[in-house]
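J.: Below are the chains, spelled out letter by letter.
Protein chains: 2
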Amino acid sequence: MSKAVFYHAGCPVCVSAEQTVADHLKDEVEKVHLGEQGGRVAEAEQSGVKSVPALVIDGQVFHINHGADLSALK
Amino acid sequence: MSKAVFYHAGCPVCVSAEQTVADHLKDEVEKVHLGEQGGRVAEAEQSGVKSVPALVIDGQVFHINHGADLSALK
Numbered sequence: 001m002s003k004a005v006f007y008h009a010g011c012p013v014c015v016s017a018e019q020t021v022a023d024h025l026k027d028e029v030e031k032v033h034l035g036e037q038g039g040r041v042a043e044a045e046q047s048g049v050k051s052v053p054a055l056v057i058d059g060q061v062f063h064i065n066h067g068a069d070l071s072a073l074k
Numbered sequence: 001m002s003k004a005v006f007y008h009a010g011c012p013v014c015v016s017a018e019q020t021v022a023d024h025l026k027d028e029v030e031k032v033h034l035g036e037q038g039g040r041v042a043e044a045e046q047s048g049v050k051s052v053p054a055l056v057i058d059g060q061v062f063h064i065n066h067g068a069d070l071s072a073l074k
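Chains as they are written, first to last, in the UniProt record's numbering: chain A, 1 to 74; chain B, 1 to 74.
The list cannot tell twin chains apart, which means a pair is met if one copy fits it or any two copies do.
Within a straight-line C-alpha distance of at most 30 Å, the following computed DSS-like cross-link-like pairs (lysine-lysine) qualify:
| # | residue 1 | residue 2 |
| --- | --- | --- |
| 1 | K26 | K50 |
| 2 | K74 | K3 |
| 3 | K3 | K26 |
| 4 | K31 | K3 |
| 5 | K31 | K74 |
| 6 | K50 | K31 |
No wet-lab data here; the hints were simulated from the structure.
The following block holds chain A by itself, in its conformation from the complex (with noise of 0.2 Å):
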């Protein structure tokens, strides 16, 4: 099974909503808070990741944009 890695800097609508992709993988999904996780910056830019979130499955990015609806902000 391959592994996807999952970059993210925290905020919680998007990590909410972007878990819904997460949990839908087949593959285990490593998740890193780059707010948190500054040392793995650089291995981010590595792969390709230009904004977070961010999903890196074998090797290919994907920037996901899920535009949080303000439902979630009431």
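Given the structure of chain A, go ahead and fit chain B onto it with the hints provided.
T.: Same frame as chain A, now just chain B:
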């Protein structure tokens, strides 16, 4: 098992890349080519899809920005 819907418009580079995401989901994934199935654009809009490619899982919309590598075009 829930169902995921993957909306796209047939860009071959992007479809190839995003196929990776679809293949890694646990769910059954329905692929809808909105360029060919224009009758489903309204349905996509109602789901909250603003642009393609987009993935709808359990009613949540995720706009995916892969940013195809130029190497895929060589």
